[in-house]
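Chains A and B supply the protein sequences, listed in that same order. Per our numbering, the very first residue in the first sequence carries number 750; after that it's consecutive. Per our numbering, the very first residue in the second sequence carries number 750; after that it's consecutive.
Hints listed in this document are in silico derivations from the structure and should not be mistaken for laboratory results. Heads up, a few of these hints could be off.
Same chains, same label: a pair holds when it works inside one copy or across any pair of copies.
As the list claims (entries may be wrong) - Using 27 Å as the maximum straight-line C-alpha spacing, the simulated DSS-like pairs for lysine-lysine come out as follows:
#1 Lys994 <-> Lys917
#2 Lys898 <-> Lys917
#3 Lys755 <-> Lys792
#4 Lys994 <-> Lys870
#5 Lys792 <-> Lys870
#6 Lys994 <-> Lys754
There are 2 protein chains.
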Amino acid sequence: MVNSKKYRMCIAYDGTRYSGWQIQPTSDSIQGVIEHALQTLLKEPVRLIGAGRTDAGVHALGQVAHFTIPAHLECPRIIYALNGMLPYDIRIQELTPTLDSFHAQYGARTKEYHYHIWIEKTMNPFLRLYRYHFHDTRFQLPLLQEGIKYFIGTHDFATFANLGGSVKSSVRTIYRISLHPQEGGFRLEFEGNGFLYKMVRNIVGTLLEVSIGKKQLSAINTLLEAKDRRYAGPAAPAKGLFLVKINYSN
Amino acid sequence: MVNSKKYRMCIAYDGTRYSGWQIQPTSDSIQGVIEHALQTLLKEPVRLIGAGRTDAGVHALGQVAHFTIPAHLECPRIIYALNGMLPYDIRIQELTPTLDSFHAQYGARTKEYHYHIWIEKTMNPFLRLYRYHFHDTRFQLPLLQEGIKYFIGTHDFATFANLGGSVKSSVRTIYRISLHPQEGGFRLEFEGNGFLYKMVRNIVGTLLEVSIGKKQLSAINTLLEAKDRRYAGPAAPAKGLFLVKINYSN
Numbered sequence: 750m751v752n753s754k755k756y757r758m759c760i761a762y763d764g765t766r767y768s769g770w771q772i773q774p775t776s777d778s779i780q781g782v783i784e785h786a787l788q789t790l791l792k793e794p795v796r797l798i799g800a801g802r803t804d805a806g807v808h809a810l811g812q813v814a815h816f817t818i819p820a821h822l823e824c825p826r827i828i829y830a831l832n833g834m835l836p837y838d839i840r841i842q843e844l845t846p847t848l849d850s851f852h853a854q855y856g857a858r859t860k861e862y863h864y865h866i867w868i869e870k871t872m873n874p875f876l877r878l879y880r881y882h883f884h885d886t887r888f889q890l891p892l893l894q895e896g897i898k899y900f901i902g903t904h905d906f907a908t909f910a911n912l913g914g915s916v917k918s919s920v921r922t923i924y925r926i927s928l929h930p931q932e933g934g935f936r937l938e939f940e941g942n943g944f945l946y947k948m949v950r951n952i953v954g955t956l957l958e959v960s961i962g963k964k965q966l967s968a969i970n971t972l973l974e975a976k977d978r979r980y981a982g983p984a985a986p987a988k989g990l991f992l993v994k995i996n997y998s999n
Numbered sequence: 750m751v752n753s754k755k756y757r758m759c760i761a762y763d764g765t766r767y768s769g770w771q772i773q774p775t776s777d778s779i780q781g782v783i784e785h786a787l788q789t790l791l792k793e794p795v796r797l798i799g800a801g802r803t804d805a806g807v808h809a810l811g812q813v814a815h816f817t818i819p820a821h822l823e824c825p826r827i828i829y830a831l832n833g834m835l836p837y838d839i840r841i842q843e844l845t846p847t848l849d850s851f852h853a854q855y856g857a858r859t860k861e862y863h864y865h866i867w868i869e870k871t872m873n874p875f876l877r878l879y880r881y882h883f884h885d886t887r888f889q890l891p892l893l894q895e896g897i898k899y900f901i902g903t904h905d906f907a908t909f910a911n912l913g914g915s916v917k918s919s920v921r922t923i924y925r926i927s928l929h930p931q932e933g934g935f936r937l938e939f940e941g942n943g944f945l946y947k948m949v950r951n952i953v954g955t956l957l958e959v960s961i962g963k964k965q966l967s968a969i970n971t972l973l974e975a976k977d978r979r980y981a982g983p984a985a986p987a988k989g990l991f992l993v994k995i996n997y998s999n
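Pulled out of the complex, with its shape left as it was, chain A reads as follows (with noise of 0.2 Å):
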């Protein structure tokens, strides 16, 4: 009988250059990267269940994965030659023995996506991947401040959802949409029980078009009570934004 590990790790990286976090036949992505150094540095076949499926060029300061090995790992010395073997652009921060019970996806309790977005006329040029750069002169932070009250709460954002996704329901909870300046404009934190595909970013391309008029604060319910993604705006760009935490239970 083999007795299998589990291990849990908490991974950052830029986005810019992948397909994405999900694996995929043609095109580099983030777990497939991971899991082929894994397997190599460990001589075994590894699948990574990670907690969100962050789309192409979207970034992560704190993704969540998990994976099984019939081994036990030396944590430190692994996530050393992990980080040895990986492109500069993708970082092991974590590494740490987890119980059986412990499920990256499944677990997780909350979720938190922070976008930027730089308002400024002059784009800071070692920003320019990590920010979206939103310079319109009809800009007003009220309408925005108010549009994101509508957001708040549980509610179904099939109109705030691409296609694409698997779930069975589009019923979300967001807790906080909370907005803090900083360096050129300023940066949108979302919380919540889970996000469907493309949602912060759908979110964020309505909230836009409300700050700047080309939306009235009002057509926002009427959206959400829709349920049809056609008749959102347009998705924010991806390299505004970041996977920052996952939260668990336990």
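Based on the hints, put chain B in the right spot on chain A.
Okay, now just chain B, sitting in the frame of chain A:
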């Protein structure tokens, strides 16, 4: 008689994919890219004079340059148009008319450079192009802090200058080298009346050798007295270095 006007420009750039500031016949330089954009826009040949010739891979937050042109320029419109033409890793931050007597290079009173070092084991993947990752278990901050003191003041820095500069004297004055803790490590801020070719990177390279006990503190004086580049340690990599500010008398 043409009534020429002089303009002063402040520029930020990510030096990662450039051969440096100075125009070169066969490769992409910051100066070349901006001159080309200016020429396309103004339909006049334009020669930029930069304050500091940053090397390949060195970044700038506050490079200053001047140029002279017969036409009167509407500065805000020109900045906007230039940034529209330039690649996203080069941004014009300011453009203002200046006195005929202004000279970006010869008028500079002091220059400030920052060198950023990441000493923790695991690098932040978003800073990989802007930090020198120097993780060494022998590292001792007090040794580095002692070493700094040897470089402050007026010295002949010939040992710390690579060949390739075109200056007559290698005597320079460093007014300040200060150490500032920051995420993952620290930065060294240098302010001086001028810096020789690769001087900051050579000083940092030697300071890091001192910090891990590879060179004795007392060796620094010997090195300065030798006035011979062959005795110094290796230059620290370009990616950690930022030209931050040029200070002028007026």
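Results for each hint:
1. In the homo-oligomer, the alpha carbons of Lys994 and Lys917 lie at most 27 Å apart inside one protomer (24 Å), although the nearest pairing across protomers, at 56 Å, exceeds that limit.
2. With identical chains, the CA atoms of Lys898 and Lys917 are at most 27 Å apart within one copy only, with a shortest distance of 26 Å there and 66 Å across copies.
3. With identical chains, the CA atoms of Lys755 and Lys792 are at most 27 Å apart within one copy only, with a shortest distance of 16 Å there and 66 Å across copies.
4. Proximity of Lys994 and Lys870 under a CA criterion of 27 Å is satisfied inter-copy only: 21 Å between copies versus 30 Å inside one chain copy.
5. In this assembly of identical chains, Lys792 and Lys870 lie within 27 Å of each other by CA distance solely across copies; the values are 25 Å between and 51 Å within a copy.
6. Proximity of Lys994 and Lys754 under a CA criterion of 27 Å is satisfied intra-copy only: 24 Å inside one chain copy versus 54 Å between copies.
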